[in-house]
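S.K.: Read off the chains here:
There are 2 protein chains.
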Amino acid sequence: MRWSSYHLPTLKEAPQDAQITSHKLMLRAGLVRMLIAGVYLYMPMGLRVLRRIESIIREEMDAAGGQEVLLSAIQPVELWQESGRDEVIGDVMIRFEDRKGRRLALGPTHEEVITFLARQDIRSYRDLPVILYQIQTKFRDELRPRFGLIRCCEFIMKDAYSFDVDEEGLDRSYSAMFDAYNRIFSRMGLDFAAIQADTGVMGGSESAEFLVPAPCGEDKLIICKKCGARFGGEETAQSCISCGAGEVEILPAIEVGHIFKLGTKYSESMNLYFLDRDGKSKPVIMGCYGIGVSRLISAIIEQHNDEKGIIWPEEISPFDVLLVTLNPSDAAMMEVSSQIYEQLGQEGVSVLWDDRDLRAGVKFNDADLIGIPIQIIVGKKATDNKVEIKSRASGEIRVIDLKDMDLSQVLADYAKGRK
Amino acid sequence: MRWSSYHLPTLKEAPQDAQITSHKLMLRAGLVRMLIAGVYLYMPMGLRVLRRIESIIREEMDAAGGQEVLLSAIQPVELWQESGRDEVIGDVMIRFEDRKGRRLALGPTHEEVITFLARQDIRSYRDLPVILYQIQTKFRDELRPRFGLIRCCEFIMKDAYSFDVDEEGLDRSYSAMFDAYNRIFSRMGLDFAAIQADTGVMGGSESAEFLVPAPCGEDKLIICKKCGARFGGEETAQSCISCGAGEVEILPAIEVGHIFKLGTKYSESMNLYFLDRDGKSKPVIMGCYGIGVSRLISAIIEQHNDEKGIIWPEEISPFDVLLVTLNPSDAAMMEVSSQIYEQLGQEGVSVLWDDRDLRAGVKFNDADLIGIPIQIIVGKKATDNKVEIKSRASGEIRVIDLKDMDLSQVLADYAKGRK
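Residue numbers (the working numbering), protein chains in the order written: chain A, 240 to 658; chain B, 240 to 658.
Be aware that a few hints might be false.
Copies of the same chain are indistinguishable here, so a pair counts whether it falls within one copy or spans any two.
Restricting the straight-line Cα-Cα distance to at most 27 Å, the calculated cross-link-like pairs of lysine-lysine (BS3-like) are [claimed, not checked]: (1) 619 to 642; (2) 625 to 642; (3) 519 to 464; (4) 521 to 251; (5) 339 to 263; (6) 263 to 547; (7) 519 to 251; (8) 465 to 251; (9) 620 to 642; (10) 625 to 465; (11) 263 to 521.
Derived from the structure by calculation, the hints contain no laboratory data.
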């Protein structure tokens, strides 16, 4: 992709309403724009980041036995009456009537709809177990949307639902999801903790939250300084719930995932029963497993930035390489740049090529702002077939002679060194 | 994917409210389930079909210079007041107030929002031309949702928007989109026609519709029996608008795409101006280009079925191959099946393996119903290392000796023969 024709406008200053680091950086780096408070539009590069996050989630969900579906945003309110959650969910659910007077809502979560879907076709123990998941837009009427993609009225979630014949089956599904979540957040380069949590409005018997420590976090991660135990809790200092020691560290954290053993709450209230091997009708045992997909963009930037901008983890970066041609009017620089761009493209390396006619200083600043991990800088040494390779994370610069060195080997070494 | 653990329930009979062929087949083949009238849930195999359709669209939009974005479903009503379409669009737009009393809507289309996005960052002729597109869920309060995915309250569209400095630029963008649409619908195996059309509520100077003839179509495609000209129009017979001859054929057709030259309708009303080379402020020249993504599933099935079920075009099929093991209790059949499944998987061929413990007749019927183009049937001849390969389209069956023949070569020959 050539930046001169790519819709990637960067900003020197973030708008005043952006207060936290990730929000400022995602606006300045041209990832998103705000439509109204809590509603964001993804620009081309922001969508690339979102897609990479979604890919990691899909790979790990599929590997854990999940099957992807796509449910609707529109839900009939009567389903929420069936489950008994209509009043509990309250005003946070966006509601409207259609022209025929039917009471509808926009899904803030999908336990009701997935139970409706499952009861269409699940009849027998032979149809179980099954784990269904989707990556889909959710809606909440937030009174105080804020922090960019962290607290929104419209946002993207991955929600998965497991259906089992008994508690042992649920234990297996829950454990498979727990492991998948650990792989997902690790691959994203996140420092995170999985802690026991309340089941709250979801109901059920067991639940775990995945928390990412970050200054803007609205949850609390408590770490015992003595035994290292990690748990959640209230803002006031507590003694460790594990070893009883008094000294704990309290970190603000962003909730990026939450998994629940639901049991039979929805299958009993919404009539999702199956015939067991012995011919008896039993309620299906369910679990549900959420990840805040769009929120992860914020969480990753919160943990991967410096004063110059974003530093994308390799698996999340919108492009593998940023190729910077310092002076696009210089024939030698353009010749060398074109060769590199074509060669890397053929090798399947995704490259953003900064071929814009701007001052070198502006281009260096933009390069560090948008945070692609490897920068290849083509400057005056191009006449000698030499370019610079810069690591965004360390700032280290190495001069490469293209005649002597295999560029893709150099890039592979860089990638290896970073891991 | 092994069918025994895949959530792919087939139905012998379609529900009574399904009247047209594609609707019946998509329910019977386990692609979708209805939540309420006009709102559908995609099951795992339906989502695979949707994703293949989306991939073709993405590839061709990217090749035509499009850049993918993702806009929001929630839109402030004030944007529609700015463009002057608030009253024109009327009750078909779903509207609600949030808890702070803000008047919001769910986007039935996104000209207003994309113009809002463009005016954030487009300032100069240097920022143009650009074509932005998205694949996203739209909402319409349809009084009479019907025909499965053809007329829905919640549906998926690809909408693209071009931004140019002048009319010549718009002509180029429009023409690039026109060509891309022809490639997209051809790759999907559709018999279709592109015809001149009214600009209607979109405004602008020129427009073309892409129509797919099908018995359930709500539009009309008129073909002159003398000169072959294709055009749209009213239900009453007309003489040919091209050669004037009286004899025309009128076919019901489904609209799958519509492209418009918008001109300055939105840029002038919503203040999207740029500075030209001569330093003068001018309104950006826009075009918009829609494809009914989810509706295409219906359109493709309408044109690709027989009395037994669906016959997927190769590029749309949810799996490349259906592997049918007639008796999963038979050790030789399972041995041969496992080998084929593993080998094809390693070669990147996607395989659905029907390893269900059901009667052969049921499995044959299901195989024809779900419409995967190539069936590999492992039966009693497995003891001699022989399997049958059946073409879903022609019904032709060929016996293959796995010792002598390279299975992947046979499949490649089949694929070639079908094209």
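S.K.: Against this structure, judge whether each hint is valid.
M.R.: Structure-based check of each hint:
1. 619 to 642: within (16 Å within a copy, 62 Å between copies)
2. 625 to 642: within (8 Å within a copy, 55 Å between copies)
3. 519 to 464: Result: close neither inside a copy nor across copies, 52 Å intra and 65 Å inter.
4. 521 to 251: Between. Shortest inter-copy distance 26 Å satisfies the 27 Å Cα cut-off; intra-copy 61 Å does not.
5. 339 to 263: between (44 Å within a copy, 25 Å between copies)
6. 263 to 547: Intra 12 Å, inter 57 Å, cutoff 27 Å: intra-copy only.
7. 519 to 251: between (67 Å within a copy, 25 Å between copies)
8. 465 to 251: Intra 44 Å, inter 64 Å, cutoff 27 Å: neither.
9. 620 to 642: Answer is within: at 13 Å inside a copy they meet the 27 Å cutoff, but 60 Å across does not.
10. 625 to 465: So residue 625 and residue 465 fail the 27 Å test inside a copy (53 Å) and across (67 Å) alike.
11. 263 to 521: This pair counts as neither: shortest intra-copy Cα distance 52 Å, inter-copy 31 Å.
The earlier numbered hints that this structure contradicts are 3, 8, 10, 11.
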